[in-house]
Amino acid sequence: MTGLRRAALAEAATLLALFCVAMPLKYIAGASWAVSVAGSIHGLLFMVFVWFVVRSWAEGLINWLGAFRLFFGALVPLGGVINERWLRRQSAEAAAP
Amino acid sequence: MIYTLSKAAHLVTLFVWIGGMVAVAVALRYPVLSFLKQLKTYDRVVTSPAMVAAWAFGIMLAVQGGWFPHSWLAAKIFLVLVLSGLHGVLAGRLRRAAAGTTDPEESGRLLLPIGLVLVALIVLLVTLKPLSRLDARCVDPAASNAAGARGSGTRRPRRGASVAGDNYFGQGQDAYARQ
Ligand code: HEM
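Chains as they are written, first to last, in our numbering: chain W, 63 to 159; chain G, -6 to 172.
In case anyone wonders, no lab produced these hints; they're calculated from the structure.
Take the hints with a grain of salt, since some may be wrong.
To be verified - Ranges of calculated distance between the beta carbons of each label pair, as one might list FRET restraints:
#  : chain 1 : residue 1 : chain 2 : residue 2 : range
1  : W       : A154      : G       : R22       : 48 to 56 Å
2  : G       : V116      : W       : F134      : 28 to 36 Å
3  : G       : L103      : W       : M85       : 39 to 47 Å
4  : G       : V116      : W       : A154      : 42 to 50 Å
5  : W       : A79       : G       : V56       : 16 to 24 Å
6  : W       : M85       : G       : F8        : 37 to 45 Å
7  : W       : N125      : G       : R102      : 31 to 39 Å
8  : G       : R37       : W       : F133      : 16 to 24 Å
9  : W       : V138      : G       : A113      : 36 to 44 Å
10 : W       : G122      : G       : F61       : 30 to 38 Å
For each residue, glycine too, the CB sits at the ideal point set by N, CA and C.
All chains, please: the whole structure from these sequences, using the hints.
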């Protein structure tokens, strides 16, 4: 669960960096390299995150619904942050018998 | 040079990744709890990072060579995603099995052959580079002139050129020339 949560957070953080730092740099300051760099880092982390979702599903940590929720949440800015908190609550519940 | 080195790195990381996947598939088939636990760590620190590195080097190759418009690459990326998903399923089952909570599953038997068939299809796609018929937009002379900065790597390989070898060198030189 820790890996999945970290991946969710990293995905969310790089998506926000892309929207809040790299895109203003491109469209205001004309620095299109910023989007290329932030975009490729985000793209790779997005793939890592989706991979963690698949693994956690196969491990039985989350069900189909949870996997869908995580995947679609990751497409929206801040969705990943909300999902990370959801995951944290879930693992707290699982830990408390 | 950078292209060749990227390719070498792509191949090395691929071997490590695929080797790790085969190990997990076999270990799940003949489970030994202590080994499963070790393998879980190995998958985390070696196999999974190798997978991510193989993706990264593959994408570097595609960017440098201007391969993205080619249909073989689209098909390859689709199969790579399926293969990565398969690794996710194997790793998930491994982690569950290493926790000792489940009985060995019959249903996992097909995962190894499915994985090996996927690898074979991926390698065929990248060596034969088929589907060029679908890449008509890559031959449009106007388009390839306009491609300019992208380089001539987006040009469609000559039809009827002796399959892989000729295309390979044609395209490979494009990639070298651009450095
Ligand atoms: C996101 C994932 C991947 C991308 C974007 C990608 C892309 C590429 C590109 C652009 C090349 C260079 C082709 C050339 O110069 O002729 C290449 C080479 C190669 N790739 Fe990948 N690849 C990926 C994953 C994989 C996987 C999973 C496998 C095998 C299971 C694989 C097997 C190979 C092989 C064997 C070569 C060398 C072919 C040759 O030298 O002719 N790749 N890849």
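Okay, the hints, checked on the actual structure:
{"no.": "1", "hint": "A154/W / R22/G: 48 to 56 Å", "result": "violated, 35 Å"}
{"no.": "2", "hint": "V116/G / F134/W: 28 to 36 Å", "result": "holds, 33 Å"}
{"no.": "3", "hint": "L103/G / M85/W: 39 to 47 Å", "result": "holds, 44 Å"}
{"no.": "4", "hint": "V116/G / A154/W: 42 to 50 Å", "result": "holds, 45 Å"}
{"no.": "5", "hint": "A79/W / V56/G: 16 to 24 Å", "result": "holds, 21 Å"}
{"no.": "6", "hint": "M85/W / F8/G: 37 to 45 Å", "result": "holds, 38 Å"}
{"no.": "7", "hint": "N125/W / R102/G: 31 to 39 Å", "result": "violated, 24 Å"}
{"no.": "8", "hint": "R37/G / F133/W: 16 to 24 Å", "result": "holds, 22 Å"}
{"no.": "9", "hint": "V138/W / A113/G: 36 to 44 Å", "result": "holds, 38 Å"}
{"no.": "10", "hint": "G122/W / F61/G: 30 to 38 Å", "result": "holds, 37 Å"}
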